[in-house]
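So the chains spell out like this:
There are 2 protein chains.
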Amino acid sequence: MFEQLGLIGCGLMGGSFALALKRAGLVRRVVGYSKSPSTTERARQLGVIDVEAPSALLAVSGSDLVLLAIPVAATESTLKAIRHLVGPNVLIMDVGSTKRDVTDAARRALKQDVGVFVPCHPVTGREVSGVDHADAGLYAGKQVVLTPIERTLTAQLEQAETLWRALGCSVVHMSPDTHDSAFAAISHLPHLLAFALMNAITGQDQGASFLSLAGPGFRDFSRIAAGDPEMWRDVLMANREELAAQAGHFQRALDEFQRLLASGQTDELQRLITRASDARAKWRMTSGAEAP
Amino acid sequence: MFEQLGLIGCGLMGGSFALALKRAGLVRRVVGYSKSPSTTERARQLGVIDVEAPSALLAVSGSDLVLLAIPVAATESTLKAIRHLVGPNVLIMDVGSTKRDVTDAARRALKQDVGVFVPCHPVTGREVSGVDHADAGLYAGKQVVLTPIERTLTAQLEQAETLWRALGCSVVHMSPDTHDSAFAAISHLPHLLAFALMNAITGQDQGASFLSLAGPGFRDFSRIAAGDPEMWRDVLMANREELAAQAGHFQRALDEFQRLLASGQTDELQRLITRASDARAKWRMTSGAEAP
Numbered sequence: 001m002f003e004q005l006g007l008i009g010c011g012l013m014g015g016s017f018a019l020a021l022k023r024a025g026l027v028r029r030v031v032g033y034s035k036s037p038s039t040t041e042r043a044r045q046l047g048v049i050d051v052e053a054p055s056a057l058l059a060v061s062g063s064d065l066v067l068l069a070i071p072v073a074a075t076e077s078t079l080k081a082i083r084h085l086v087g088p089n090v091l092i093m094d095v096g097s098t099k100r101d102v103t104d105a106a107r108r109a110l111k112q113d114v115g116v117f118v119p120c121h122p123v124t125g126r127e128v129s130g131v132d133h134a135d136a137g138l139y140a141g142k143q144v145v146l147t148p149i150e151r152t153l154t155a156q157l158e159q160a161e162t163l164w165r166a167l168g169c170s171v172v173h174m175s176p177d178t179h180d181s182a183f184a185a186i187s188h189l190p191h192l193l194a195f196a197l198m199n200a201i202t203g204q205d206q207g208a209s210f211l212s213l214a215g216p217g218f219r220d221f222s223r224i225a226a227g228d229p230e231m232w233r234d235v236l237m238a239n240r241e242e243l244a245a246q247a248g249h250f251q252r253a254l255d256e257f258q259r260l261l262a263s264g265q266t267d268e269l270q271r272l273i274t275r276a277s278d279a280r281a282k283w284r285m286t287s288g289a290e291a292p
Numbered sequence: 001m002f003e004q005l006g007l008i009g010c011g012l013m014g015g016s017f018a019l020a021l022k023r024a025g026l027v028r029r030v031v032g033y034s035k036s037p038s039t040t041e042r043a044r045q046l047g048v049i050d051v052e053a054p055s056a057l058l059a060v061s062g063s064d065l066v067l068l069a070i071p072v073a074a075t076e077s078t079l080k081a082i083r084h085l086v087g088p089n090v091l092i093m094d095v096g097s098t099k100r101d102v103t104d105a106a107r108r109a110l111k112q113d114v115g116v117f118v119p120c121h122p123v124t125g126r127e128v129s130g131v132d133h134a135d136a137g138l139y140a141g142k143q144v145v146l147t148p149i150e151r152t153l154t155a156q157l158e159q160a161e162t163l164w165r166a167l168g169c170s171v172v173h174m175s176p177d178t179h180d181s182a183f184a185a186i187s188h189l190p191h192l193l194a195f196a197l198m199n200a201i202t203g204q205d206q207g208a209s210f211l212s213l214a215g216p217g218f219r220d221f222s223r224i225a226a227g228d229p230e231m232w233r234d235v236l237m238a239n240r241e242e243l244a245a246q247a248g249h250f251q252r253a254l255d256e257f258q259r260l261l262a263s264g265q266t267d268e269l270q271r272l273i274t275r276a277s278d279a280r281a282k283w284r285m286t287s288g289a290e291a292p
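In the order they appear, the protein sequences are chains A and B. Residue numbers 1 to 292, in our numbering, belong to the letters of the first sequence in order. Residue numbers 1 to 292, in our numbering, belong to the letters of the second sequence in order.
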């Protein structure tokens, strides 16, 4: 049980975390701050936070738990802004989709206090953003990746793990670099492809009429293209090296398909599709009760 | 009300059509044929068809409605096999995902009788195949594209339209070429990208561990990669020219993203993501009660 959550960033991810924590009876009070005062006010009106803080620093004051739920590029400046209220008994976590840049930012900003910061990536999200979509059930049944560094304190790491499990999450540990390679492949690259597909279609004269015919396959494939632009700009930039490596793997696979199509090698084409289809049919989300 | 549906191809699409027709009380009897006798037998056991036919020709015998629910590449040989039982009072339809190749095949196979063939593409499907997944609700609320040619008979066209509407579908008409351009963009290319992504990931040593971390975004994006390999081999091959054109549009959009990432142009990157995100957020499936 935490006395006070200092929530920095009262959007979809942060707001949902606050609601989940409250529903689980794990926190007495939530003090929230968002860059936009109207977001903070809305979060209080919705009961997502109890008290509006006029700054990140004041949200941290008196908090034994702090969550950063902000674009990853804002991590360093935010941690610098709260640094002199960071003591050894606080647990600070984030929910960012990239981890090497976040851990580097934490090292630079928190220096000798970096041990209280546990880098977290809950593998969840929605195609809508904003506190109005905050949902106490957003995290339940999902995976959370923790990427502790050598200086992370064991006490905080265990506290974080216990907390996420209490919200119904399964927890895995890995290095920030391994995390970033994996998520370049399974998340950042798919987002990039979905963004590029939308722009490729809407850039054509007939784009709107094409889209009017699209069905459930397109709906699911393109859902992630509706992601928050500012957040995804930061994620793609922060992880651009791993993303470029994964885009290279993808490009070679795509070129191979196109070569077979151009040369009419139908047997080999079917073999490649079968490999993809079998792999996808076999795949199941590790956690989460949802159907694949 | 039809006396007898001759169902050629008792898989997911054909089986679901038979069940939907029966549920709507639109057919007295369903005679089914599949290339694999065990599929035909299974379809009868499940009540999807009433009578097993040992050949496509015998499924057509006595039928006033014929549905081809087979890989598009089998259209010409199948129509040739049934041709001499095709009279002026039958309605023949297909459910293929490409239309120029299908209409060309119908012209060649049916010659002066091609007018009774109404090319149809119901925009639906699932990531599983086979008669065991046949579902009377597969077509309800979906769009069906009809691509009549200049020789298509008005009577058959109206019959087809009335039939699909009775199954709860909305019906649009366009030329086979327009259809194929549109579906290259909104369906065939997304499938190709999803296949290539799966192969790009599983081709890496860490592919399996990457996949174990994937969440709901990946699940939705990659769902279509589990499509039936034989069907998709045919669709991609049949529409490879339009597909190559759409892949060109996509490649240019992707290259633009990669250029901005490499050069760190974050403002321009955000602008491109915003364009994609806004377009996807605005898009709604034309028909279908499902959420986008």
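If you're looking for bench data, these hints aren't it; they were derived computationally from the structure. Take the hints with a grain of salt, since some may be wrong.
Intra- or inter-copy, both count: the list cannot distinguish identical chains.
[As the list claims (entries may be wrong)] List of simulated lysine to any residue pairs, SDA-like, C-alpha gap at most 25 angstroms: (1) Lys111 <-> Leu157; (2) Lys282 <-> Met174; (3) Lys282 <-> Arg44; (4) Lys282 <-> Arg219; (5) Lys282 <-> His133; (6) Lys80 <-> Arg126; (7) Lys22 <-> Pro229; (8) Lys282 <-> Pro216; (9) Lys282 <-> Gly25; (10) Lys111 <-> Arg271; (11) Lys35 <-> Asp101; (12) Lys35 <-> Arg271.
A quick look at each hint next to the structure:
1. Lys111 <-> Leu157: within (18 angstroms within a copy, 74 angstroms between copies)
2. Lys282 <-> Met174: This pair counts as within: shortest intra-copy Cα distance 24 angstroms, inter-copy 37 angstroms.
3. Lys282 <-> Arg44: Answer is neither: 44 angstroms inside a copy and 29 angstroms across each miss the 25 angstroms cutoff.
4. Lys282 <-> Arg219: Close inside one copy (22 angstroms) and across copies (12 angstroms); limit 25 angstroms.
5. Lys282 <-> His133: Cα proximity of Lys282 and His133: across copies only (17 angstroms, versus 32 angstroms in one copy).
6. Lys80 <-> Arg126: neither (29 angstroms within a copy, 50 angstroms between copies)
7. Lys22 <-> Pro229: Classified as neither; 29 angstroms inside a copy, 47 angstroms across copies.
8. Lys282 <-> Pro216: Classified as both; 21 angstroms inside a copy, 15 angstroms across copies.
9. Lys282 <-> Gly25: neither (38 angstroms within a copy, 38 angstroms between copies)
10. Lys111 <-> Arg271: neither (53 angstroms within a copy, 35 angstroms between copies)
11. Lys35 <-> Asp101: Within. Shortest intra-copy distance 21 angstroms satisfies the 25 angstroms Cα cut-off; inter-copy 56 angstroms does not.
12. Lys35 <-> Arg271: Cα proximity of Lys35 and Arg271: across copies only (21 angstroms, versus 52 angstroms in one copy).
Against the hints set out earlier in the document, violations occur for numbers 3, 6, 7, 9 and 10.
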